[in-house]
Amino acid sequence: MTDATAIKYVGQPLRRREDFKFVTGKGRYTDDIKAPGMLHMAVLRSPHAHAVIKQVDLSAANAAPGVRLALSGAELAGKIGSIVPNWIIPGTKVPNRPVVAIDRVRFVGECVALAIAETQAMAHDAIGLVDVDYETLAAVIDEEAAIRDGAPQLHDNVANNIATIYRIGGGDYSKAVREADQVIALRLANNRLIPTCMETRSILAEPNADGTLTIYLQSQVPHMHRRWIADTVGIPEHQLRIVAPDIGGGFGAKMHLYPEELLCPYLARLLGVPVKWWESRSESHQSTNHGRAHTETIEIAIRNDGKILGLKVETLGNVGAYLSNMATGGPTVNTVNFGTGAYKIENYEAHSRVIVTNTVPVDAYRGYGRPEGGYIAERAIDAVARHLDLDQVEVRRRNFIQRADFPYKPYNGPAVIYDSGNYEGCLAKAMEAFNYGARSGERDQLRAEGRYRGIGVAAYTHMCGMAPSRRLALLGFNRGGWESARVSVDSSGRVTIFSGSMSQGHGHVTSLAQIAADVLQIPIEHIDVVQGDTRQVQAGHGTFNSRSMAVGGSSVHVSSTRVVAKAKKIAAGMLEVDEGDVSYRAGKFSVSGTDIAPLTFGTVARMAYVGHKLPDGLEPGLDETVFYDPKGMGSPSGIHMAYVEVDPETGIVDILDYVAVDDAGTIINPLLAAGQIHGGVVQGIGQALYEEVSYDPDTGQLMTGSLLDYAVPRAEHVPRIRSLFQETPSPTNPIGVKGIGESGSIAAPPCMVHAVLDALSPFGIKHLDMPMTPPRVWLAIQNARAGASR
Amino acid sequence: MIDTVNGHHVVTIDVNGVRQAASVEARKLLVHLLRDDLGLTGTHVGCDTSQCGACTVDIDGQAVKSCTVLAVMADGSRVTTIEGLAPGGALHPIQSAFHEHHALQCGFCMPGMIMAVRQLLTQNPDPTESEIRHHLAGNICRCTGYSNIVRAVESLASEAHRHD
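Protein chains in written order, with the working numbering: chain A, 180 to 969; chain B, 225 to 388.
Misleading hints may appear alongside valid ones.
Now the stretches of chain A that chain B is said to cover, found in silico as 3 or more residues with beta-carbon under 8 Å [said to hold, decoys possible]:
# : region
1 : 198 to 208
2 : 377 to 391
3 : 421 to 428
4 : 452 to 466
5 : 676 to 685
It should be emphasised that the hints constitute simulated quantities derived from the structure, not laboratory data.
What you are looking at is a predicted structure, and each value in this text was computed from that prediction instead of being measured.
Heads up, the beta-carbon is just placed ideally off N, CA and C, and yes, glycines get one too.
Taking the hints into account, I'd like the entire structure generated from these sequences.
Listed below in structure tokens is the structure:
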């Protein structure tokens, strides 16, 4: 048995090592875990969008069968801290958010009371017996309405419902307007979405005999959750153990601090028994954060040759009733910083307001801000093409950031640097795969026959893996940008990686092991990956912002490199040669030009722990922990193209083809990377064609309260996604990785909108807001026909 | 007939070839009997309106969303869950195909999806892409975008006659 390998794992489409448990039903999700004697919590939620709580009568609930305890916000006041955001843009007015509402509710779904009972059914029965006396108040749902004079006010310390005002830009937009041939204006709605992880949220908090508390929680950010729960509930961090088991999708929704995540730990400690909470899907729609929910007004100063001279953006970001974890960073830094997209727009002026309304809090959802920012840039460039009747590819070419421009600072602003890219390369690859020329001809020919086909193009770039830590302080982001990895070699040369990243379906057990196996030069079967347990994993920031390979993967690379460096020292001691004479190739330590028998990785690992022949001053053991803080951020980019046919009689959009060419730098595993693109694109198609949270504008009732009313894409709604890659390595990290998880949901919405608009161009339709549902498309066609015949 | 004791009903169901008896409330759903009483947590609950299909199991040869069935309604029936698909540690060809084609990410929808595919291939051993997509319309996957699920099923289509 040899432990050496010459295989290079990075770049191979390895099948996932974690699949077996999932396909056999042995996955272990939070709700699958039971603790002896556990009680169940149910939460009573506000039926009103805005109301004063006059009285809460818990007596019937407390007397109900099997009930241990029923509580309202009043009983909890002062026992658990308020929920505070973790990203606070400087100057933000932060409203108070009690864990359970005390005297006022501000959205349908806000926690009002809870019951703990022997079974989940009993707990739900009990909350039905809680009698709450409300006095309803006028509610405001829409971000534009919320900042008008006389609008209902949500919080005393948030004047005009504006929590944050943010500006960014560079160059001189007024000068660009003076020099421009024309200025085009556009109003964009970025529809409110529900992330819709297939596994809803759940929590089990279990007190241990030693006074510690174990919390099973589907967290994208286990160590962050440990810190937040410790700070808010008042338990020392080292006494909390967060275990994140298998997670049924995250997409940004499982990286925030929610009320139930504080209630279960608090109540488990109070009662001395395990307490579980599980969220039903309908509950999820009104209690788990929503995404997007922006209105943008933009102006584009252009020359008649299609060159954009300047861009002005006004963003209104609806963040719901309270500031969730990262809420102030979304419509600001994450959106308008990226408003110029893949284009060289040197004069830029952006203004963003973060607005509270009587709706479910809005926070990160796949791409968080970058889809909104990318949508601004892409709808702008598309509007230019449409306005000037230029080819959509040609207009992009005239405005692209060029390969020689990298590293590129858009609009010479202070915050954004695109590290690398080759947009022309992606474009050429996409045009070839899509067969752009022939398709355009086919579209034109069918158009003459009265069929409405359209081609959509979208380019994108953004930044992944928020870092370095020092820079995050300037943004008000109260976390570091590093990631931790421990590469622990046992005394037989087998390896366990303890990673602070947290897979929610990404396949880190496979991809992180691929990175380590190449550096360590051992078979991947010799490497295990542990994540999601704060008692096992030393530290971490978790998985979001497409950071797991760029930052988490780099940390595994660096710690593996350190393991090899130390192993070389040990091998030198064993071979009685200078360290400099030892080389490590194909899993063997050898001295070139000699007949000294090479040493295997396993032999050296054994010596590391036996310690007999260690060089002077070298500690025993072969176990390296790294806190890797990147020097910068990688910038993925890409070109997506879609081909659609619109049925003018029904408004149904049929997607005939979708090609994605993405440049995420080095690809660790093309099979898994393509999977990320497939999923992200279909979520983006969902935003473009189907999904939209709807509220009654007067009462603030959630109209899309279940999966009956909120339309996520089904298999029959989407095409086969064709995913191709271009690899322009990032210079910001040792493995050249950029980030892949968010690219699909950034590129697909504008790509789909452009395809449908192209199909509708014979009707003179120049803009439609998402989601472009059959009724919306049909109505636009009817209106256009009526206008034409008038 | 179902015995009723203290407002609970005793049901007897053959689950994955094992005869199981359980005492349940009339309102208990089959999926909760499987998960909570029998410990078969491979069957998942992803919604409360029978939209997502994560809870799909086989009842007497028919793929059924087990959140639409009361446990008492399943009395006397034969139920196969994901755990019973390939007993003995081997993988069923559908399970292998899903692995081979990277047809799963978070895995939460997977047990229901696989049970739905099993029904499809039983009824139509050689489905087209459009038939596959149409048949799986009752099973939501939020991770994969369905592309690789379709690929996995297509890979089975030509050899489907060899499976049950």
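- request: Three residues minimum, CB to CB under 8 Å: does the region 421 to 428 of chain A make the cut for coverage by chain B? Let me know.
  value: holds (count 4)
query: Three or more residues of the region 198 to 208 of chain A near chain B by CB distance under 8 Å?
result: holds (count 11)
- prompt: For the region 452 to 466 of chain A, does the count of residues with a C-beta closer than 8 Å to a C-beta of chain B reach 3?
  reply: It holds: at least three residues are needed, and the region 452 to 466 of chain A offers 3 whose Cβ sits within less than 8 Å of chain B.
query: Mind checking, does the region 377 to 391 of chain A have 3 or more residues with a CB under 8 Å from chain B?
result: holds (count 3)
message: At least three residues with a C-beta closer than 8 Å to a C-beta of chain B: is that true for the region 676 to 685 of chain A?
response: holds (count 3)
Hint compliance for this structure: every hint is met.
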